[in-house]
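*Asks:* Construct the complete structure from the given sequences, taking the supplied hints into account.
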Amino acid sequence: MTSRTGMPAITKVAREMCRLIVKFTPIIRVVTDNSSPVLLALEAANAACAALDEALQDYIEEGV
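All letters in the sequence shown, in the order written, are residues -12 to 51 by my numbering.
Each hint should be verified, as a subset may be incorrect.
Capping the alpha-carbon separation at 20 Å, the derived lysine to aspartate or glutamate pairs in EDC-like fashion look like this [stated by the list, open to error]: (1) K10 / E30; (2) K10 / D40; (3) K10 / D45; (4) K10 / D20; (5) K(-1) / D45.
Hints in this document: simulated from the structure, not taken from any laboratory.
*Replies:* Pasting the structure below:
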């Protein structure tokens, strides 16, 4: 049933988003001269995708 909700796909995207944020934040920090709004947005996005991934885990069946 969860495959019809898109939860597994959303979880996969959330994990990839977090991975990319962690990977590229150092270079973005350099390119933007430590721009606070940009870094705050990246930090918020990273926290949001991690929270979404964690929240959906209870609703995703093992092996789906």
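*Asks:* Next step is simple, just say for each hint if it's right about the structure.
*Replies:* Verification of the supplied hints:
1. K10 / E30: holds, 13 Å
2. K10 / D40: holds, 18 Å
3. K10 / D45: violated, 27 Å
4. K10 / D20: holds, 17 Å
5. K(-1) / D45: It holds: about 15 Å lies between the C-alpha atoms, which stays within 20 Å.
In summary, the structure is inconsistent with hint 3 from the numbered list given earlier, while agreeing with all the others.
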